Every structure is written in C-alpha cells, then in structure tokens.
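**Student:** Letter by letter, the chains look like this.
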Amino acid sequence: MSEYLVEVSHLKQYFPVRNGFKTIPLKAVDDVSFNIKPGETLGLVGESGCGKTTVGRTLLRLYKPTSGTVKFEGEEVTDQNIHALRKEMQMVFQDPYSSLNPRMTVEDIIGEPLDVHKLYKTKEERREKVLALMETVGLNAEHAMRYAHEFSGGQRQRIGIARALAVDPKFIVCDEPVSALDVSIQAQVVNMFEDLQEQRGMAYLFIAHDLLVVQHISDRIAVMYLGHMMELAESDELMNNPIHPYTQSLLSAVPIPDPNTARKSKRIMLEGDVPSPLNMPTGCPFRTRCRYATEQCAQAMPELTDRGDGHQVACWNK
Amino acid sequence: MADYKYILDVQDLHTSFRTDKGKVQAVNGVTFALEPGKTLGIVGESGSGKSVTAYSIMQILAENGNIESGKVLYKGEDITKWNNKQMAGFRGKCCSIIFQDPMTSLNPVFTIGNQLEEAVLLHTDRNKAEAKARAVEMLTLVGVNEPEKRVKQYPYELSGGMRQRVMIAMALACEPDILIADEPTTALDVTIQAQILELMQDLQKQLGMAIIIVTHDLGVIASMCDEIIVMYGGRVCERGTADDIFYAPAHSYTRGLLRSIPTTENNGERLIPIGGTPINMLNMPAGCAFCPRCDDAMKICLTEVPEEIQVGETHRASCWLNVKKMYEEGSAQ
Ligand SMILES: Nc1ncnc2c1ncn2[C@@H]1O[C@H](COP(=O)(O)OP(=O)(O)OP(=O)(O)O)[C@@H](O)[C@H]1O
Ligand SMILES: Nc1ncnc2c1ncn2[C@@H]1O[C@H](COP(=O)(O)OP(=O)(O)O)[C@@H](O)[C@H]1O
Ligand code: SF4
Ligand code: SF4
Ligand SMILES: [Mg+2]
Ligand SMILES: [Mg+2]
Chain A
1 MSEYLVEVSH LKQYFPVRNG FKTIPLKAVD DVSFNIKPGE TLGLVGESGC GKTTVGRTLL
61 RLYKPTSGTV KFEGEEVTDQ NIHALRKEMQ MVFQDPYSSL NPRMTVEDII GEPLDVHKLY
121 KTKEERREKV LALMETVGLN AEHAMRYAHE FSGGQRQRIG IARALAVDPK FIVCDEPVSA
181 LDVSIQAQVV NMFEDLQEQR GMAYLFIAHD LLVVQHISDR IAVMYLGHMM ELAESDELMN
241 NPIHPYTQSL LSAVPIPDPN TARKSKRIML EGDVPSPLNM PTGCPFRTRC RYATEQCAQA
301 MPELTDRGDG HQVACWNK
Chain B
319 MADYKYILDV QDLHTSFRTD KGKVQAVNGV TFALEPGKTL GIVGESGSGK SVTAYSIMQI
379 LAENGNIESG KVLYKGEDIT KWNNKQMAGF RGKCCSIIFQ DPMTSLNPVF TIGNQLEEAV
439 LLHTDRNKAE AKARAVEMLT LVGVNEPEKR VKQYPYELSG GMRQRVMIAM ALACEPDILI
499 ADEPTTALDV TIQAQILELM QDLQKQLGMA IIIVTHDLGV IASMCDEIIV MYGGRVCERG
559 TADDIFYAPA HSYTRGLLRS IPTTENNGER LIPIGGTPIN MLNMPAGCAF CPRCDDAMKI
619 CLTEVPEEIQ VGETHRASCW LNVKKMYEEG SAQ
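Residue numbers (my numbering), protein chains in the order written: chain A, 1 to 318; chain B, 319 to 651.
One chain only, chain B, in its complex shape (with noise of 0.2 angstroms):
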C-alpha cells in the first residue's frame, strides 16, 4: 500500500449531472484533503455542491450523475479507478456517511437490531451472534437508553434524536476511518443537535476517525472543525482553520455570509444581507461565480475565474481582490 500522508485526498473533482435543461456542473473543481482524526467541515448555501462532493467521494450520485475528472485519494489509492465491488467494500469499513434525514437510510419494515446486524455481517467477518452482541454495543456507544429493548424497535417507535444516533452506530459499526456526515443535525432541535454533535466528537476521541461535516449552519462548525472549506456555486471559495474564516475572511462571499447573520454582537443593528438571489447551476457566470451578488466586484471578475492563492499560514481564498491587495502592496515597496 502506498505511503500516505492523508487518508483522504480530493484532487480537482469535476461532477455533473445531465438535465432536460441541459448539463449542471455541481463539483467544478473541488480539491482538499483530510488527515487521520481530524476534523473538516464544509459550508456553503443551499446548492452549492456540499453533498454532491461527499455523494462523489462515496460514489452514490443519482443515475444521472457522473464524475467527470479528478481523483479521489484513499490512503494514496485513487478509488475512482476502483470497480463497484471494491466501492462496496469501500463504503461502510474505510468510510460511513450519515444524511440529513435519518428515515432516507433506516428501512421501515426492519428492525434496529436487524438493521445493524446486517450492516456488521456484511462489512467484517463476525458471525450472526457477535453481530447481535455489536448491535447492542454500538448502541450503547452512541448513548441510546435501554439497548435490549430498542434493537427490537422500528424505527418509526424512535424520535428524531434517537433515530439519528441509531444512524452514527450504522455508520461506525465497523470501524470506518472516514465519518461524513451531510447536516446531521438540521432537522433536530438545537438541544438534540448539542447532544449529538457533541456525541460526535467524543467518538472521534474514542476512535479516532476522521469527519468531514457538512452544513450551511456557521454555528455548528465553529468550534469543531480542524479545517473548513466554504463552497459557492460547486468550486472551494476559501479554506482556513475556524479563525481564519471567522476572524479574518478573505473572499467576498464569505465576509457577506459573516455580515448578514444575527450573532450576539450585532443585536440592534440592522442586518446586512448578501444582495441578489442565489446562484442557478444551469447559467453559471463565466467569472467569478459570486460576481453577480459581489459589491466588490472588478471587471476581471466577469470574465476570469479567480485563482486560489495563499492569505496566510493555513488560509487560501480565489477571490481577485487578494491578487489586488498583493499587487498593489507589491508595488508600493
């Protein structure tokens, strides 16, 4: 195997899908990289390729989906070389998504015990009365009362909370070295997102897996995440630890998402919301995929798509408006 230094490694993935309206390129381009155990974490608004990313590296798009180019990276392998049966293997015992919804994933007619057997029985080689004994284990792990009882329950009996922490114990009955998890939490209230989040990270300790959370919620990635990477209209608009973005963004986009939503601080003041409506795939700008909704656009933003460049130690952004500030600070001295 070859030698790594990142467990997984997404190298300008190119995804599209194939409407009556013609092509939507959902992933234009997206690269990044995860080590083992740490955290990423990717915002972006609605539609702008965070879940067709993580359906990418999980090689589950819808019929009409295609990766275009690219390569994904598993410890160095390029799995999208892999045939499915080495993809099958790949999903569940390297890496596990959980949805937004856990219901999409839980069949209704079976158990939660049948459920998580089955997944333990396909993905390792324990027989049927380990995979029973691991059913209850796993649950107990992701905190879920009264195991015994609930392996016996449909998931219909379970609330939202609980159904999502039966979802966590599917996805790491077997051990996976990649958790993502596609807003976990969005549909739950904020006291059962605390809870789960917060399951979450102590697993990872316990584990050591690495995850990459997805979300449009600022909030939720805040305080978790060793690196985040925002996304806007299918490319990585700007990447950095928590700080970076936070404390100093460097894309217009970014700093306008800052800007509008309500924290603590900007209580009284009137809010500044991001101009325009959001981007439509199927008509994308030829430039800078903000351009149309940036107040700071340029001329070179219409036409040039803004490449990435270094703003600091750990943070990159595309956005001309760095190439300007580097230029101009360039030719000053």
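Just chain A, same shape as in the assembly (with noise of 0.2 angstroms):
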C-alpha cells in the first residue's frame, strides 16, 4: 500500500460562468497535484481567490471534479464509495458564524454525523459520546442544549471541530479556521488542533492566509497562485529558502510583528494585482507581476519539479 494517506493528481476544478452571451470555464483549480502523508499537516497559502478553499472542497467531493484523481488510502474516491469516506474525512468550515445552523442545539450539530453513519445503537450511548466530544475540546457539558448563536468565536470554531471529530476521521480539511477569531483567541484553536493530532494521529490539510500561523502547525507548505502549484516544501524549508519568485515576494511581504526584523527586512513589492481568473495570462499565471519572467513564460506553465529533498518548485527560470 502507499505510504501516502491522500494523493491528489493532476486535480482540475473549472466552473462555468457566464460572460456575456457565452459560458466560459473559470479554471478555479488548474492541474494541482500533492500528497497527505497519514499524521501529517499540509499548510495551503495563496492569495484570495487562489483556489484553496476550492481544493479543499473537491478532496472531500463536495464539488465533482473536472478532472483528476483523489486517492484515499490508496482507493480512488468516486461518487459510489464516498459516503463511506466521509467517515474518514472531514472539513471545518472558515466561518464559525455562519456555518452551523442556528435552529439547532449544540448536542445535534455534533450528534448529526453520529446519525448520519449510525454510530450508536441508543440515545444514551449518543449523548454520551457527543458529551465527550464536548469535553475533548474544551466545551462545557452545561452547554449541550444550547443553540449555536449563544456561543462567542472561539467556542463555535470548537462546535464545528466537535463536529467533524464525531465520526474519527484520518483526515481533516481545515478551512480557515482560525482566520475569523480574534488573535487572542486564536493561540487557543491553534493548541487544540496540535494536542488534537497527537492525541489522534488525523492528517491536516491547513488552509489559512496567515503565514505565521500555518508555518507554526504544518509539518509542509503549498503555495498557490491562480489555480497552480508554485511551490511546496518542508515548512522550514519554505520559509526560509523559498525558491519561486511568488513566495518571495508573499513572504517578503508578511508583516512580522517585530520592529527591529520588520526595519531590516526588504520588501519585494510586487507590481499590480492579481489578474482576473476569467482572462488568465497563458503560460505561467504568475508571469505578469513576475521580475524574472522570460519569453518561454508566456508559452508554458513550468511543471512542479523537484529541487532535492522533496522542495518541489515549478517556474522556468528559477
């Protein structure tokens, strides 16, 4: 069997849009491939509308994909073998706020996959694991019949983790997850996802823009930038030796909230915006804010190749 939890190959994910009079793809997800080792956490970073939310979703077959295979556990995931896989793999959503449903009680939102997958035989035995649940992290017993509304940030964030660690999954797409929290609130999610690991053994996929924090949990990083891989690396590796042009310049531009390292460091400032994904630049995506970009960029996406040691990059001229 592979040593590999989750392998992702040559994943494409276009949504059709319309323009006009005629409906075109948006390539959201454009040839992505990676693997989840079991245990392990997989950072994902990229700018807003990169696509990771986009990945995440498709692993778990919320969205069918255009292309591409997903294995998990070395079984190719289709339409026929999903439900049972989603005892396996789970995601927590970006937004605690309004991604459980407010009409129902703690107790049910995490009981519902419990249902789903009928992992009790009476209602005693699901009170009971959904109470241990609760506890595992670090939610009042007392609370169990309250509604999702009354809880602040932080304590839903915990809900939808209670959530998805119902049914004991390998694998967990975190989307976001500390993002909408507040900074002092977020030490503490960020500790229950580690202590969580250790206790449980789960892969993570980490999707999360803040670069500090997914450094601090991942064991590796992925970056992307419209729909492609760009590079992919230890996560020390990465934040100390990036090699492509655009995670240079994403990390460069990471505010460091210290004064003496914030003065020395030099910010490549990247010229423009992000182009729209509706009219792409052919070749590398990247090409249009790039200082290296040469005429063989413009005729071809580079492949992800490897660097040594598994520091994976995919630009022509780096």
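The set of hints was computed from the structure by calculation and includes no laboratory data. As the structure is a computational prediction, the values presented were derived from the model and not from experiment. Some hints here could point you the wrong way.
One side only, chain A facing chain B, incomplete, derived with CB under 7 angstroms [as the list claims (entries may be wrong)]:
hint, residue
1, Thr105
2, Gln188
3, Val190
4, Asn191
5, Val213
6, Gln248
7, Ala253
8, Ile256
9, Pro259
10, Arg267
Beta carbons: idealized from backbone N, C-alpha and C, even for Gly.
Using the hints, put the two standalone chains together into the complex.
**Tutor:** Right, here's the structure in full:
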C-alpha cells in the first residue's frame, strides 16, 4: 500500500460562468498534484481566490472534479464510495458564524454525523459520545442544549471541530479555521488542533492566509497562485529558503510583529494586481507580476519539479 | 488661532452607546496626542474601542452614540464644541478617514472620477475642470494605472486593492493634516497590504500629513509608527514607541498578546494563549478591565482601575504590577 493517506493528481476544477452571451470556464484549480502522509499537516497558502477552498472541497468531493483523481488510502474517491469515505474525511469551515445551523442545539450539531453514519445504538450512547466530544474540544457539557448563536466565535469554532471529530476521521480539511477569530483566541484553537493531532494521529490540510500561523502548525507548506501549485516544501525550508519568485514576494510581504526585523527586512514589492481568473495570462500565471519573466514563461506553465529533498518548484527561471 | 504643539490632542474622551440591554461604554477615558507629520498606531482586540475612538474624533458615530465628555483639540481648538457646519469642513479638509471595507464609502452607482471630483469640489474652491484634473492627478499619486480610463469606471469594476487606493486618493484629495486609517488593509492579501502600507508611508513623506493607523495586527504597526497605544476594554492600557511595546511590554494584556502570536522565534513551541473570553462591554469589571483574564491579577485589580504611570522615557502603562514594582524597589532602598 502507498505511504500516502491522500494522493491528488492532476486535479482540475473548472466552474462554468456566464460572460456576456457565452459560458466560459473559470479555472479555479488547474492541474494540481500533491500528497499527504498519515498524521501530517500540509499547510496551503496563497492569495484570496487562488483556489485553496476549492481544492479542499474537491478533495472531499463536495465538488465533482472536472478531471484528475483523488485517492484515499490508495483507493480512488468516487461518487459510489464517497458516502463511506466521509467517515474518514471531514471538513472544518472558514466562518464559525455562518457554518452552523442556528436552529440546532449544540448536541444535535455534533450528533448529526453520528446519526448519518449510525455510530450509536441507544439515545444514551449518542448523548455520551456528544458529551465526550464536547469535553475533548473544551466545551462545557452544560452547554449541550444551547443554540449555536449563543456562543462566541472561538466556541463556535470548537463546535465545528467537535462535529468533524465525531466520526473519528483520519483526515480533516481545515479551511481558515482561525482567521475569523480574535488573536487572543487564535492561540487556544491552534493549540487544540495540535493536541488533537497528537492524540488521534489525524492528518490535516490546513488552509490559511496567515503565514506565521501556517508555519507554526504545518509539517509542509504548499503555495498556490491562480489555480496552480507554485511551490511545496518542508515548512521551515519553505519559510527560510523560498525558491519561487511568488513565494519570495509573499514571504517578504508578511508583516513581522517585531520592530527590528521589520525595519531590516526588505520587501519585494509586486507590481499590480492578481489577474482575473476569467482572463488568465498564458503560460505561467504569475508572469504579469514577475521580475524574472522571460518569453518562455508566456509559452507554457512550468512543471512542479523536485529541487532536492522534496522541495518542489514550478518555475522556468529559478 | 491658538498656539499648538499637537495637530490632534485627545483628552479623556468618553463615548457611549444606548442599547436595549443598557449603556455600552465603548470609549472610557482615552487620551493621546499626535504631532504634525507623525504616525500613531492604535492596537487592541476586536471590540476594544479603536474604531469608536476614531469615529468620535470625526463625529461620525451611529445614531445611538454619544460623546459624553472629554476634549478633541485640533490645532489647539476643541472641536467637540463645533457645530455641524464646522465639522463638515473639518472632515476631508482637516482630517480624513479610510475604512476597512472601501465599498462602504464608495458609492456603487457613480464612477470613480465622479466621486473624486465631488470630494474636491466640496472641500476646495477648484472649478469643475480643475477638479477633473485633480481626480486624475490623485489616482496617479496613489499608483492606479491608466487613471484616465479608471475615472470612467465604477467601484465594482476594480479589485479590492485598487478600491482601497481610490479610497486613499479620495481621503487625500483635499490634503488633510490628518489621515485616519481604520484597518485599511485587513480585507486585503498580504502582497497588496504591503503595497498599500508602503503607499501610505510614501504619501506621508511627500505631503507631510499625520497618520493614525487602527489595526488588530501587531505585524502591521511594528515598523511604521512613532507611537503605539494599546487599547483594552475602552481604555488605553499602554503607550510607547514600537520598541517599548514590543521589547519591554509593561501591561499584562500586552505581554499576553505578544506571547500568544506565532512568530519566527517561537516556531515549534506551543503557543501560550490568553485565557478566558474577550470582554463583554455590557458587563465591565469594576477594577482593571483585563482582570478576569489576567494571570498576574492581585486583590486591588478587582476593585481599583489602575492609573497610568511612567515606566520609561517614552513609555507609560496602566497596570498595578508596575506600581507594586515601584513600591518594592522604593522600599528596598
Ligand atoms: N452602534 C453601536 N451600538 C452599540 N454598541 C456599539 C456600537 N458601535 C460600537 N459598539 C460597541 O463599542 C465597542 C467598541 O467597538 P469598536 O467598533 O470601536 O471596536 P474595535 O476595537 O474597532 O473592534 P473591531 O476590531 O472589531 O473593529 C464594542 O463593544 C462594540 O460592540
Ligand atoms: N461555485 C463557484 N462558482 C463559480 N466560481 C467559483 C465557485 N467557487 C469558487 N469560485 C471561484 O474560484 C476561484 C477560487 O475560489 P476559492 O477556492 O474559494 O478561493 P480561496 O483561495 O479564497 O479559498 C475564485 O475565483 C472563485 O470566485
Ligand atoms: S515561470 Fe517565469 S513568470 Fe513564472 S515565476 Fe518563473 S520566471 Fe516568473
Ligand atoms: S492591573 Fe492587575 S489585572 Fe490589570 S493587567 Fe495589571 S496585574 Fe493584571
Ligand atoms: Mg477560501
Ligand atoms: Mg474596528
């Protein structure tokens, strides 16, 4: 069997959108390949709209891929087996304010996946399981009968995590799970993700735009730009030795909460904006903002190639 | 006109809101002063009163809001005494504000050019043709490409970063002495955020205005402020230079905040969160607002609001621990 838990190859996700009188494909994810090992955290970063959420949702077949394959424990994920696989693969959503049904009690929100997968015999057993899950994520058992809207952002995110944990999955896609939270609460939730992984050995695809949070939690980090995978490497390697021109400018733009470092560091300013995904440049999509762009870059998108020790980069000139 | 050292001098500002659940004291005795051409950073968690402080200065509070007491001196004159007409002149001409979401201040049904010209006509005695030229000039200044084409476009046709540039252009069209930026880059991606922050610094060098930058992101203010104030529960809990705040934090909240964020240094270590939950403004503690979450809290913190004391040359904080330390050092001598 493969050493990987999740294997993604040549994944494409095109959305049909109306543009004037025509329907044209919006290439949200365009030929992306990567793997995730059991118990590993893969961070996924990139600018808004680059396709991170779409990758996560397509992995879980919340969207049917346009083409390409996703394998879980060596088995290709299909419409036929996805129901059974949902027990192994779960998702925690970006917005704790809108992702929970306000008319359901906490007990029912967390219990729903147990119902779906018939993971209890009696009502008492269901209740016990829910209370145990609430304890795991640091929620007070007395709150079981309350409604989601009565909770703070941090608590709602815990409810969402408890719900994902209910089926004891091997893999969770975490889509910006701390972004909507106040900084003073972020650390609590980040710690909880790390503790849970240690206890249960789950793998995470951790999507976030805060690079310092991603570096903190991830074993490896993948960088996307306009639907393409640009670079993928061990977390510290990527942060200390970025090779792709986009990753370099992205890292140099991260505001460092340390005055001395901030004063010393030189930002690589990018010119202009991210192009519209409906009007993609040919070849490498970063070429409109890249200092190293050459004619070749307009011809074709470079492949992601290994530059040693699993540090993969997609660039003609770097 | 009065002699002044500070372009803006806010003294003991109290602002509250009436709600059906009771009075919310959003700003509870905020004091700070800003010299011409300097940059002040205001940080603090969500709900700590940063925006209400800014809106109080501009007098653009919601219906149910009210400046209860305190002074806001602009060039030495207390503008809280000014009438609506005087304030309309103050906004835009003396002081401008840009918001987190540019769509809230750009009108979707008018072109960018229209809105820029309108701002110029309102606040200066330029004529229509001059205002048109000024609009293009301002867009060029803030780095919007093809400004002649952009003036004919509508806000929805621009990207988030571009809209924020237009907002800055509008805010600066009348060359105000003060620019207040309320979370100007929170909605933007980091590479665009870097462009906007750099733009603000460049324009400050060129035009010499003072800037107040409001943010919850410690990274954003680490390198660009002459002074930083940290807010908690409607009060200023600490003030000083970036070096004071980041390298010698003198309030337990600031220390907790700095400890809780991931940095390149604490990578691989466990984060140390601030315990408890963010403050509930309807149920303010009697003493130090941070007391329910503070690991260092003492008995006095429960009942007495800590007074602000000098803890360094440029550095002041409101935490009883400093008083205790001073007392111990004093009595040890
Ligand atoms: N119109 C209003 N009516 C009632 N309460 C209000 C109103 N506006 C603000 N408040 C309250 O005043 C307090 C301070 O709000 P403010 O918007 O200044 O916070 P902030 O520090 O800017 O937070 P954020 O980072 O979320 O913008 C909060 O408790 C808020 O709920
Ligand atoms: N259901 C959809 N229909 C059409 N376009 C979509 C849909 N979902 C996402 N997109 C587009 O796909 C691109 C990537 O989106 P997304 O993956 O949500 O980005 P992010 O990196 O912010 O999570 C964006 O241009 C977005 O507007
Ligand atoms: S392939 Fe070309 S345009 Fe793309 S990042 Fe590399 S040098 Fe820049
Ligand atoms: S005054 Fe007391 S409760 Fe407040 S921060 Fe200082 S030690 Fe903590
Ligand atoms: Mg997303
Ligand atoms: Mg605010």
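**Student:** For each hint, tell me whether it holds in the structure or not.
**Tutor:** Tested hints:
Given the 7 angstroms rule on beta carbons, the hint for threonine 105 (chain A) is violated: about 21 angstroms separates it from the nearest Cβ of chain B. With 7 angstroms as the threshold, the beta carbon of glutamine 188 (chain A) comes within range of chain B, its nearest partner Cβ sitting at about 4 angstroms, so the hint holds. Among the interface hints, the one on valine 190 (chain A) holds; its C-beta lies about 6 angstroms from the nearest C-beta in chain B, closer than the 7 angstroms criterion. Taking 7 angstroms as the C-beta cut-off, the interface hint given for asparagine 191 (chain A) holds, the closest approach to chain B being about 6 angstroms.
Given hint, valine 213 (chain A) at the interface with chain B, holds; its Cβ is 5 angstroms from that chain's nearest Cβ, closer than 7 angstroms. Interface restraint check for glutamine 248 (chain A): the shortest CB-CB distance to chain B comes to about 11 angstroms, outside 7 angstroms, so the restraint is violated. Against a cut-off of 7 angstroms between C-beta atoms, the interface hint on alanine 253 (chain A) holds, since the closest Cβ of chain B lies about 4 angstroms away. Because the beta carbon of isoleucine 256 (chain A) sits about 6 angstroms from the nearest beta carbon in chain B, less than 7 angstroms, this interface hint is met.
For proline 259 (chain A), the shortest C-beta to C-beta distance to chain B is roughly 4 angstroms, which falls under 7 angstroms, so the interface hint holds. Annotation: arginine 267 (chain A) was flagged as interfacial toward chain B, and the flag holds, the nearest CB pair being 5 angstroms apart, inside 7 angstroms.
In this structure, the hints that do not hold are numbers 1 and 6, in rising order.
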